[in-house]
Every structure is written in structure tokens, then in C-alpha cells.
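Visitor: Each chain is listed here by its residues.
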Amino acid sequence: MLQTIFVGLFGIAAIWFGVVVFTTSSMVRSALALLFSQAAVGAMFLAMQTEFLGVLQIMMMGTEMSIMAIFMVMYMMDPGGLMGMDMTHQKRISQVAGVLGALVVVGIVFLVGWGSIAGSVPPDQQVHGLGIELMERSMLIFETAGITILTAMIATIAVALERRQ
Amino acid sequence: MTTAMIILVLLAGAYAVAVLEGWATNGRFQPAGPVLDAVAMLGRESVVTRSSDRIFFEVGPVLLLISALLAAAVLPLAPGLIITDLATGALFVNAALAYVMVALLMAGWGPDGVYAMVGGWRFLGQLVGYSMLIVMPLTAVAMRAESLFTTRIVESQGAMWNVIFQPMGFILFFLAALAVCFLPPFDLPTAPGELAGGVMAEYTGARLAIMRLARAVLVVTLAVTVTVFYMGGWLGPVLPPWAWTLGKSLLVAAAMLFVGRFIPRIREEHLLQWFWKFGIPLALLNILYVGIVLLVVDS
Amino acid sequence: MATLIVALIVGAILFGVGLYGSLSQTNLVMIMMGVELILAGAMVNLVAFWRFLHPEAYSGQMFVLIVMTVMALEMAVGFGVGTARFRYKGSVEMEEARDLKG
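Residue numbers (the working numbering), protein chains in the order written: chain A, -2 to 162; chain B, 795 to 1093; chain C, 2 to 103.
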């Protein structure tokens, strides 16, 4: 019961901050609202006893979204949001798409029979279990993630480098 | 009970750090200095700058304090004297410290001042430099303990402290710890004499008092972190465990505060260059070295 | 059961908000924020499935790790493209990005 309440509360926080991302006009506020939305998602993980992923999410998003904030300030025409520029297009269609998308998924959630609910897993066992999974069964996938990161690093640097004469 | 005790210890430590910092920067030892400063600051007018981002302006200093306290929550002062012993303790310290940067970013953007903003964005760049040097030495420490529990990390150092077992990791982590709490060689976000206080420039009165307090607590937290991960935490003969943790932490804090007296401030691009070009390869070598010692030499 | 449903609904709404954002915003960085929200919704669902349906299969957590990697990469590559575009065109407004349109 307590778990449901906490998951719900953090969920509401995540959604509220997610909405703030697109309603506020200050770009730094927008980036930091996304940060707190993601941190609330991390807190939801913690409430669902997924300790390692929760802490990892809170840590990674703290850095990631702050870096997003500086790019917002660099590339937006109105980072402080003091000029009241409208930066949206096809508003009606997007609203309809967003609401419809959410409704369809919620419908699916209620239509599917989820079967039995499993018991809990102690957190210290989890870190061990995840480590064994990473190094045994899913090792190849994990390596793929590493290679993907390397590729993305090279690609990003190649794209963003200033062209020399 | 434990929580109240640990917070009291942290506050006492913060007081000691404030005294030490005064000693390190002015060269005068004044045991009553922080009290006088605090009274003076609370008595002063608390100015809010024009067209400031009010939410960030108010939240910044408080978030700095909260993140320092959260990091301290998973550090053991003695067996049993810990707020929560998380299964991911070592990672959690790192997660909490990431929000130091968010707090400074808010405090920098909030007041709508040039120096403050430059200071805030500078600290973001500093984070890009130091964050890897926190994670990678911690990885090596966790490898030796075979656990992320902070208590088990302390217990793993029974035979030999990590500072002797992996000195390179200790040096890197110590430097990164200096960078996290923006102490002198790495005090780019505040930079007195160049940015006129940087992120703290626009804060006055009670808000500045909170910010100073938060910074002192942050220094204490990082000193305890270094103690727990590298100096054997509560381990030691004769004296009770908590005395060992406190003594070692005070020594580390004093070292952190006095190092800056002898080194000039590093420029942002030099900091990034050195941390990335030398720090990260050294940290990777440290992981390799610890792995080899653990798997080949010890078995 | 209730917790699973609550978590899935939160995931669904996050998906909806993210979809709205990524369709309605004109700026590259804001579009990426929408995509991040969609991915966050997916992660909430994955963790809920792992915790409440198959806590013995750690590949569920593995999947979340991969999604986190994808989030970071999406940001890095997006900013790389944004930097290049900003350098040549002076803005990252996606309304103006019609170079490839026939």
C-alpha cells in the first residue's frame, strides 16, 4: 500500500515536471524541470525496490540534463524567456497525438491480464544478480553498448569538428 | 537518534572547517570567527537582485546543503553509526555529489548577475573534468571490497588501508574531491579576486549564511568520504572507532584546505586538459593495477 | 497489482507528454527533451515489468541500462548535429531545416 502511494507521488511529480518542461518559457528552467522529472523517475525506481537503477538514474540525469541546460542557453534565441517568443508549431495535432497516445497505452494497461505479482527482491542480492547477468548471459549485449558509445563518440566529434581549410 | 547524532557531528565538523578555512586563507587562527561571521551575516539585509529567477535563487543554497547531507547519509562514522546502509552506497555518494553542480548552476543562473552566471557555467565545465575521476577510483575501491556497501568497504581495509594499497587512486580521488567542493586550486566558480565571489557574489544575509554553511558541510562530507574509502574509516587501535573517523576526517579536511595555499588557481581549460589527458588514463591504469593485484598477486 | 497499474499509467502519461513535446516544439534541443521523456516512460514500464512480473530475470534491468545508454547517446549525437548546424546556419530551428526536402 505504502509502495503504491510512493510510486504514485513520485509519478505525479515526474509528470508535473514533464509538463513544466514544455510550458515554461525560460530555457534553463525547462532543462532543470526535465532533470527533476527524470530524478523523480529515479525515485520511482527506488520506490519499486530497484535500488541500483534508481541511484544510477538519479546520478546520470543530474549531469546529463545540466549539460542540456547549457546547450539550450547556447542555441535558443531567447534563453531567459523574457521576450515571450512562441516556439511551437502544429499545436493542435500534437496535443491530439499526445492525448491519444497516452489514452491508447492506458487502455492497453487495463485490457491486458497481468497474471500473478511476484514477491520482492532484497537490494543487496540485486546488485550481485545484475553483475552476474552483465558478465555472463548478457555480456555480448553489454559489449555492444560499449561499442555503440565508442561509435557515437567518434561520429559526434567528426560531425561537430570545425572544418579546416 | 543516529540521524540527529550524525547531523550534530557534521555541524561541528563544519564549524571546525570554517575555523580552519579562515586560518588557511587569512593566516589568523580565530576559534570564534565563524560565530561572529554568522551573527553578522544574519543581521545584514538579504538583497534580492532585479529580474532574478526567484525559484532558482532560493533553491540553490538549500539544494547545496541537501546534497551534501544526502552524501553524508551513507557514510559510516563507526560500526552501526550510519543513517542508511544502502546496497549501492558508493554509487549513492556519487549521485548525491552530482547535485552539487545542479545547485551551483541554479545559484549561478538565479540572481541574473554576470559574475554569478560565469561562475555557475564554469562549474559545469569543471564537473565534466572531475566526475570521471570520482567514479573510476571508486570502482577500484569497490573492486577490492567486492561490494558497494560503504561499511564493507571500510572492513575490506583491515589488512592494509587503500591509501597504501592504491596510492594513485587516492591522489586522483583527493584532487577530484577538491574540485567537487571548489576549494582553492579548483575554486573556479567562486574565484575571489577574479570573479568577485562568482556564484556567491549576489547572495547576502541569511542566504549567504546558508551557502557558506552548505559549503563547509560539503567539505566535511568529502573529508569523511576520503576517510571511509581510502584511510580505513573507523579502523585503528586503542581509541574508540568514532574517534578514529573524526580524527582522520579532520586531518583530511585540513590537508584539503591547506593544499590550496601553495598552488595557484588553475585555468578552466588547463583543468579539463589535465583531468582528461592525465587523470582518466591514470585512473584506468589504477583499475587495471588493482585488478591484477587482486586476481594474480593475492590469490 | 495496484502498484504495477499505477506505474504503467505514469509511464503512459510520460509517453503522451513526451510525444506532445517532440511533435510541437520547433527547436532541436526541445525536441530532444520530448524524446527523453518518452524514453523515461519506457524505462518506468520496464522497471515495473521487471519488479512485479519477473524479478528473477535480470535481463529486465539490463534492458533499462541499455535504454539509459541510448538516452545519453541520443543527447550526445543530437548536440553534435546541433553544433554543426548552428555553425553553418546560425540556428537550430527545425522549421528552417528543409535542405533535404525535394
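Take the hints with a grain of salt, since some may be wrong.
[Claimed, not checked] Computed footprint of chain B on chain A, listed as stretches where at least three residues anywhere in the stretch have a Cβ under 8 Å from a Cβ of chain B:
hint: 1; stretch: 13 to 27
hint: 2; stretch: 90 to 104
[To be verified] Short, incomplete list of chain A residues facing chain C, as computed with Cβ under 7 Å:
hint: 3; residue: V70
hint: 4; residue: Y72
hint: 5; residue: P76
hint: 6; residue: L127
These are computed hints drawn from the structure, not numbers from a lab.
C-beta: ideal position from N, C-alpha, C; glycine also.
Visitor: If a hint holds in the structure, say so; if it doesn't, say that too.
Guide: To see whether the hints hold, each was checked on the structure:
{"no.": "1", "hint": "13 to 27", "result": "holds (count 3)"}
{"no.": "2", "hint": "90 to 104", "result": "violated (count 0)"}
{"no.": "3", "hint": "V70", "result": "10 Å, violated"}
{"no.": "4", "hint": "Y72", "result": "5 Å, holds"}
{"no.": "5", "hint": "P76", "result": "10 Å, violated"}
{"no.": "6", "hint": "L127", "result": "5 Å, holds"}
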